[in-house]
Each structure stands twice: as structure tokens, then as C-alpha cells.
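Undergrad: Here are the chains, one letter per residue:
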Amino acid sequence: MKTYERLLDKLIVADPKDTVATARVEIDAGVVLSSDDRDDIIVTERIPFGHKMALEQIARGEPVTKYGQRIGVAMSDIAPGDLVHTHNLSGERGTNN
Amino acid sequence: MKQTFLGYIRDNGTAGVRNHVLVLPTTVCASHVAKLIAEEVQGTTALPHEHGCAQKGADCEQTKRILVGIARNPNVAAVLVVGLGCETISAPEVVEEVASSQKPMEMLIIQEAGGTRKTVRSGVEIARKMVDYASGLKREEVDVGSLMVGTQCGGSDACSGISGNPASGHASDLVVQAGGTVILAETTEMIGAEHLLAERAVDESVARRIVELVHRVEDRARTLGVDMRGANPAPGNIAGGITTLEEKSLGAIVKAGATTVNEVIEHGYSPNRKGLVIMDSPGQDTASITGELASGAQIITFTTGRGSPVGSPIAPVIKIATNSQMFSRMTDDMDINAGTIIDGDETPQEVGQRIFDEILEVASGKLTKSEILGHKEFSIDRISPFF
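Taken in order, these protein sequences are the chains called A and B.
Under numbering that gives the first Met the number 0, the first residue of the first sequence carries the number 0, and numbering increases by one thereafter.
Under numbering that gives the first Met the number 0, the first residue of the second sequence carries the number 0, and numbering increases by one thereafter.
Please keep in mind that the hints were generated in silico from the structure rather than gathered at the bench.
Hints should not be assumed to be uniformly reliable.
Reference listing, derived: stretches of chain B covered by chain A, where coverage requires no fewer than 3 residues with Cβ under 8 Å from a Cβ of chain A [as the list claims (entries may be wrong)]:
1) 231-242
2) 264-278
Just the calculated beta-carbon pair ranges, DEER-fashion [claimed, not checked]:
3) S383/B <-> T94/A: 36 to 46 Å
4) D342/B <-> D35/A: 37 to 47 Å
5) S327/B <-> H86/A: 43 to 53 Å
6) E211/B <-> D14/A: 41 to 51 Å
7) Q56/A <-> R328/B: 34 to 44 Å
8) E92/B <-> L7/A: 30 to 40 Å
9) A78/A <-> S363/B: 52 to 62 Å
10) E95/B <-> M74/A: 52 to 62 Å
11) P15/A <-> E198/B: 14 to 24 Å
12) D131/B <-> T94/A: 33 to 43 Å
13) E92/B <-> D14/A: 43 to 53 Å
14) E96/B <-> L7/A: 26 to 36 Å
15) G373/B <-> M0/A: 33 to 43 Å
Partner residues aside, some chain B positions facing chain A, computed with beta carbon under 7 Å [unchecked claim]:
16) E95
17) D156
18) A157
19) I161
20) I190
21) G191
22) M227
23) R228
24) E245
25) E246
26) L249
For each residue, glycine too, the CB sits at the ideal point set by N, CA and C.
Chain A extracted, bound-state conformation:
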């Protein structure tokens, strides 16, 4: 049986333009997150407290947006409901090249 939750109860969307949101609480894989302004999102993997989940499809090489700003680029294709962290998101600043 699917567990439905309100997206904004579980996540904070810092800016309307954002493609990722921050978990208010730990979210289990399989939970379906519903909201008024977007399609239901099925959480694909456990999202730890404070970590980011993708709200949209983000193709490899595309920018990832939080606070309405670019926080880096996707290193692989990211699907809605995926955890977004160091394994699939890379910063572009502070590098030595």
C-alpha cells in the first residue's frame, strides 16, 4: 500500500524556481509526495534529514537550482524523488582549475 504525504510537510522549497528541496524530516523510499502545483513524486531512495531531493528531471550537465540560484551541475541524469548530493551534483566554484 502506498503512503501519501503532503510534499511541503516533508520538504522545504526555498524558492519557487528550485529544482531541489530540503528534507524537514527523514523521508522513506516509496513515499508518494503530493502537492497542488506539481505531479506526484515517488521518493526513489531514503532522504536523510536536511538532505536534498530532486523535484524535477535534471539531465546530466544541467544546472541544479536551490535558493533560486545555481548551486552546481548534475553529474548524471537525476529523476524526481532522487537524493541529490555529492554522488550526482558537483560544484563549479572553489576548484583548482
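Position chain B relative to chain A; hints supplied.
TA: Just chain B now, with coordinates in the frame of chain A:
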């Protein structure tokens, strides 16, 4: 809303929120003697450090500026400067530069006083008289316009940019609106967010300086062959959900609020303008706090997600927890819980108002958790190695 606090009005017109008698060594070689003096006299604070000799150029100038700035800080009522006698940063030079702050000041040189025991004996006599003077000073009503608040974030997590820093930012805006000064430091944590700060600059030259400051840090790292991403975001930041330096910076700059950036200053210089000021400093918290105190800040607001316990020898540090879990776990170290924003129970404005009220309480004498626990972490930023 209260717009005043009870502070110590100094002879040069500044206002202290604390009333320290400082025993300040000018060099590492005088640090032990300074500690021995302070151990014997209640009400004194020694400031042992590892610097002051065999430093050259900009590095030497910066250390001296920091020592002078700390001694001039309004939280310091009187200063006993202790030198060795042969160091690069000489005690008489420090005394000369602190003099215009018009506070009681004395100097001892270990080589001239006849060594450790004789210097300690003389120092204890001087320090006793200074405490006698300082402890007799009374707090008076002071306008918030006299307040300079240094902002910090350390041990950040992904909540920092959503709860603690926006709340701290609202408190910063209230301080600026009341005529006070707020410092945003930690240049490393402006990388990737400098365009937003530059947009808020009072004029084009300040905007240009903001971008230059950030590029300078990036260039310095590149020159050293360093990929900053190993240290920033730090491992604890990453464990807390922060992925990139840009993300950390975008979350960090909001702690200083949303007002106009009026000035950009180098590390440890005093600002010429009130309102929001950006000061160059490393991201390392204790060295950054030291720079803010040398600039004249009397209070530090410090947001933390992972949980930082650090304090300061001469200023109250108000700890703002970004999440309720850490606030509960480290409640002895935390002054304010901004985690209520993540929990959905309070807005950043509501928590910001609580932080502002706490700033005025602490400015009037209420001790912070880090003061109660005796935290006195102190470090000075370095530009180049010893020679």
C-alpha cells in the same frame, strides 16, 4: 520594541557590553607570563597566542592590527600589555596605537623587568588596580546605534540556509534599522553568492570590491594548488546535507540580512560606515571572530547546524541552532533554537525577533552559554609563514 541596552560607556564614546581587564602578550614568548598574571587576579583575561615574532610584511602588519584592535575593543576596560623585549611586534608600538582609545593601559617588558617572576609580581600589582577600577564602572543606557554585531556560521548543515541564517539575517536587519552596524565576514563562504551581495552594494566601487575580495580568495587557493572543495564544504557540512560551496555560500550570506552593503573592509580594520559592512576573513570561525572583534564588534551571533561550542575571550557569542535535534542534543551550548522554522512552528522573522531581543539582553549583561561554560577560543589568521 527595546532600542537600548545597558552598556559601559568608554571615554572615547564607544560602548562595551563586557568589562574585561585584558592581559595582552605581544608575542608567543610573553604568553606564559600573561597567563600567570591573569591566574592570580580575578577579573582579568589573558590572551595567550602563538604570534608576534619573526613575521614579515602584510602578515606582521595584520597580527599587529589584530592585537591593537582587540585591545581597543569597547568590551575591554583596561589593558596590561606584556612584551618580551626583542620581538618583531614591540609592546611600545602596540601601546602607542591603543592609546587613542583612552583606556587605562600599562606595559611590562620581561627582559627589562628581570624575568618571569619579577614581571608576574609587577603585573599582578598593576592588574589588581585595573580590576579595582573596572569593577567600579556602572552600566548605563546606550542606544542600539552603538552596537556592532559580528555574524558567523560554523558547523553548518543544510538547515543553516533555511532556518538559522535567515533568522539571524532578520536580527541583523533589525540592528541595522536601529542604527547599528553588522559585519558579514568569512569570504570563503561568499564564493558563488558574491553577485547577490554586489547587487546590494551602496555604489559601484563597493560592488567591485566585493567581487575582488571573493576572486582573491579563489586565486589564493589556486596559487597554492588547493581544491577548496576538500575543506569547504567541510566533511561535517556534507554529512549535514550541504553538497557544494555555492550552496553553502548562498545559505551563509543571508545571516547578515538583506540591507545595503555600505562598505568593504580588510581583515581587522575598523569600518568607517554604519549599517552592513563586509570584512575579509577566512572561513575558519575563531580567526574570523577575532577579525570581527578587532574591527570593534562587541557581540557575535553564530548559527550552527552540526553544533559548535566555541566562544571568545572578550565577547559574548550567541549560539543559534539551525535544527531542533541538535538544539536538544547540545542544549548546554545553544542559546536560541531556530529549528522551529524547519519544524514549521515559527517563521524566520519570529525567530529573528527573538535573536534581536537576546542580543539586547546579552548586551546588557546576560551571559551566553559559551560564557557560562568558559569558552575562550582565540586564533589569529595568518597570511604567510614564520621567517
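Undergrad: All the hints need checking, so say for each whether the structure fits it.
TA: Hints versus structure:
1. 231-242: holds (count 5)
2. 264-278: With 0 residues closer than 8 Å to chain A, the stretch 264-278 of chain B misses the three-residue bar; violated.
3. S383/B <-> T94/A: 36 to 46 Å: 24 Å, violated
4. D342/B <-> D35/A: 37 to 47 Å: 22 Å, violated
5. S327/B <-> H86/A: 43 to 53 Å: 30 Å, violated
6. E211/B <-> D14/A: 41 to 51 Å: 28 Å, violated
7. Q56/A <-> R328/B: 34 to 44 Å: 37 Å, holds
8. E92/B <-> L7/A: 30 to 40 Å: Because 60 Å falls outside the window, the suggested range is violated.
9. A78/A <-> S363/B: 52 to 62 Å: Given a distance of about 54 Å, which is inside 52 to 62 Å, the answer is holds.
10. E95/B <-> M74/A: 52 to 62 Å: The hint (52 to 62 Å, Cβ to Cβ) holds, given that E95/B and M74/A are roughly 57 Å apart.
11. P15/A <-> E198/B: 14 to 24 Å: 19 Å, holds
12. D131/B <-> T94/A: 33 to 43 Å: 57 Å, violated
13. E92/B <-> D14/A: 43 to 53 Å: 51 Å, holds
14. E96/B <-> L7/A: 26 to 36 Å: Since the Cβ atoms of E96/B and L7/A sit about 55 Å apart, the hinted range of 26 to 36 Å is violated.
15. G373/B <-> M0/A: 33 to 43 Å: Violated - the Cβ-Cβ distance for G373/B and M0/A, about 55 Å, lies outside 33 to 43 Å.
16. E95: 41 Å, violated
17. D156: It holds, given that the least Cβ distance between D156/B and chain A is near 5 Å, below 7 Å.
18. A157: This hint holds: A157/B lies near chain A, its Cβ roughly 4 Å from the closest one there, short of 7 Å.
19. I161: Since chain A brings a Cβ to about 5 Å from I161/B, closer than 7 Å, the hint holds.
20. I190: 5 Å, holds
21. G191: 4 Å, holds
22. M227: This hint holds: M227/B lies near chain A, its Cβ roughly 4 Å from the closest one there, short of 7 Å.
23. R228: 5 Å, holds
24. E245: 5 Å, holds
25. E246: 4 Å, holds
26. L249: Since the shortest Cβ distance to chain A is 5 Å, the answer is holds.
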